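There are 2 protein chains.
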Amino acid sequence: MKRIGFIGLGIMGEPMAVNLLNAGYELSVYNRTRAKAEELVKKGANRCDFPADVARQSEVVFTMLTADTAVEEVVFGNRGILEGASAGLIVIDCSTISPNTSQKIYEALGKIGVDMLDAPVTGSKPQATEGNLTFMVGGKKEVYETCLPLFETMGKAAYYMGESGAGSYTKLANNTMGAINLLSLVEGMMIATKAGVDPELFVKVVSGGGARSGMTDNKSPKIINRDFQPDFATALMYKDMKLATQLAEQLNIPVPVLSTVKQLLQMATANGYGFEDVSSVVKCYEEWADIVVQKR
Amino acid sequence: MKRIGFIGLGIMGEPMAVNLLNAGYELSVYNRTRAKAEELVKKGANRCDFPADVARQSEVVFTMLTADTAVEEVVFGNRGILEGASAGLIVIDCSTISPNTSQKIYEALGKIGVDMLDAPVTGSKPQATEGNLTFMVGGKKEVYETCLPLFETMGKAAYYMGESGAGSYTKLANNTMGAINLLSLVEGMMIATKAGVDPELFVKVVSGGGARSGMTDNKSPKIINRDFQPDFATALMYKDMKLATQLAEQLNIPVPVLSTVKQLLQMATANGYGFEDVSSVVKCYEEWADIVVQKR
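Protein chains in written order, with the numbering used here: chain H, 1 to 296; chain S, 1 to 296.
Hints are computed from structural coordinates only; laboratory data are not their basis. Any given hint might turn out to be false.
In this list, chains with the same sequence are indistinguishable; a pair is considered to hold if it fits within one copy or across any two.
As the list claims (entries may be wrong) - With a straight-line cut-off of 30 angstroms between C-alpha atoms, the simulated BS3-like cross-links for lysine-lysine are: (1) 42 / 140; (2) 156 / 204; (3) 156 / 222; (4) 222 / 204; (5) 141 / 42; (6) 141 / 43; (7) 2 / 36; (8) 43 / 239; (9) 125 / 204; (10) 36 / 141; (11) 141 / 104; (12) 42 / 222; (13) 111 / 141; (14) 204 / 140.
Here the structure is a predicted model, which is why all the values come from computation and not from measurement.
Just chain H, same shape as in the assembly (with noise of 0.2 angstroms):
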């Protein structure tokens, strides 16, 4: 596999498509807005007018989009994927989407005789940009395996989760703990600080415990600190909780808490922070009590 194409060079899937460009492949790129390819046609790679001509160029196409309907449209729409791709095509989509649009996208390529590959991330934009995102993996395993050189040139693992689908099952699992232990970070900071302690201390003393998580390290000194610059926006992380309610929904699981995060978020969104890093809902927290989360 030499010819690789990359369709949306949004935030991930600019740093993602140069990692490509830097490891030697040949590099068919389309974007709507078409600007936002200068960068990598200055480096080397070659600009299309459309997807289909993505799909025609290519072994390999990945789609890095921010919603179901941007991938629909890509694959479905005029002069989409499926217009340009032949027989032994492999189509790899690391977008966070429903896995229902996942697994309808494989059986339409597959009646054409192309393979896909539902391969969401974990990480944001410095590890796109360092090449250490974690694929999560899902599809045939045969493809998976052809395509793991692909992956390790973009990040530091790839999991084959099984099959169509299952990399964006694990993804919505996995967004869905995020989204919870950071309202776990922002009800505890509430109630320490409102209670008179120090919020950076608070931290550092239940670092030690189950009180830790990911969320803990990344997004208290942003909350302490007052900076809101979106690593992840709120917008994304509730679009991301309404498919996992849905997910949950499919499935008959009852899942009250992450029902009452996802309304968290749907309040930050409407409150205007949407556009905001997705640790801005402590703001609607800090509204609510009065009191604000900072530094002493």
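For chain H, the structure is supplied; the task is to place chain S on it using the hints.
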């Protein structure tokens, strides 16, 4: 300080008292169930018939009990600490109780010249045995400093959190985070498992990011291996969540996630899992969703 008292020789108190004895302190002990003092008496501790006697014979008295009522009984009850205490005594309560109760005892003892610290701990039986507890201390700073050698005998760290009650505030906020992080693990594992993903692989994959937590590390092996022997019992965590929600109410902070988690622990207790490990709350979900999260 040479003469130390210890009241409450349960799962936590006994190994803590042993560490004081091993460090060369003269130890007077009391436990409601007399037999629980046997081991310590064999090792050289002096058994007292009443808390008042412990207070008479000690410069510092530790209490390590399971609930507010037990602590109040030991302090204010017939032949309690208050009866035997004289000016200059220091009382250190390591129980997890309401900060209101901590402050009430602090004030009552203060009137007769007795100082009090609220000093709850993180860590369970293994940490207590190894002298690896973390103390979160509220009260007068100079009293905390005087008692540091004692904390260092039983723990790896003792943080001064602020005035009387601050230790209890910190502990309740800490356990709030622990309980929410546990439910995060449970709901994430339920979704992944019912979607067909191997729970052990799932935990391995998500432990790299925001989904990581102290609870993921400690409780996922217990759940997967169906080992619900209590490291920390459901009923005790439920008690702590009742105290934490009361505190949040008093502080005027809405805590929707904590409230939901409290109710789930109530359900687990009502279902008969009160004396099992708190991770047994997963069994409620397993009954609802008709699937078991276990080793494949």
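Do the hints match the structure? See the list:
With identical chains, the CA atoms of residue 42 and residue 140 are never at most 30 angstroms apart, being 35 angstroms at best within one copy and 65 angstroms at best between copies. Both within a single protomer and between protomers do residue 156 and residue 204 lie at most 30 angstroms apart by alpha-carbon distance, with minima of 29 angstroms and 14 angstroms respectively. Taking the shortest Cα distances, residue 156 and residue 222 sit within 30 angstroms of each other both inside one copy (26 angstroms) and across copies (28 angstroms). Proximity of residue 222 to residue 204 under the C-alpha cut-off of 30 angstroms is found in both arrangements, the shortest distances being 14 angstroms within a copy and 27 angstroms between copies.
In this homomeric assembly, residue 141 and residue 42 never come within 30 angstroms of each other (Cα to Cα): the closest approach is 36 angstroms inside a single copy and 63 angstroms across copies. When the C-alpha separation of residue 141 and residue 43 is checked against a cutoff of 30 angstroms, the pair qualifies neither within a copy, at 33 angstroms, nor between copies, at 61 angstroms. Taking the shortest Cα distances, residue 2 and residue 36 sit within 30 angstroms of each other inside one copy (23 angstroms), while across copies they are farther apart (72 angstroms). In this assembly of identical chains, residue 43 and residue 239 lie within 30 angstroms of each other by CA distance neither inside one copy nor across copies; the values are 33 angstroms within and 61 angstroms between.
For the identical chains of this complex, residue 125 and residue 204 are neighbours both inside a copy (26 angstroms) and across copies (22 angstroms), given an alpha-carbon limit of 30 angstroms. For a Cα distance limit of 30 angstroms, the shortest separation of residue 36 from residue 141 qualifies neither inside one copy, at 33 angstroms, nor across copies, at 58 angstroms. In the homo-oligomer, the alpha carbons of residue 141 and residue 104 lie at most 30 angstroms apart inside one protomer (18 angstroms), although the nearest pairing across protomers, at 64 angstroms, exceeds that limit. In this homomeric assembly, residue 42 and residue 222 never come within 30 angstroms of each other (Cα to Cα): the closest approach is 35 angstroms inside a single copy and 53 angstroms across copies.
Within a single copy, residue 111 and residue 141 get their C-alpha atoms as close as 18 angstroms, which meets the 30 angstroms cut-off; across copies the closest is 73 angstroms, which misses it. When the C-alpha separation of residue 204 and residue 140 is checked against a cutoff of 30 angstroms, the pair qualifies only between copies, where the shortest distance is 21 angstroms, while the shortest distance within a copy is 44 angstroms.
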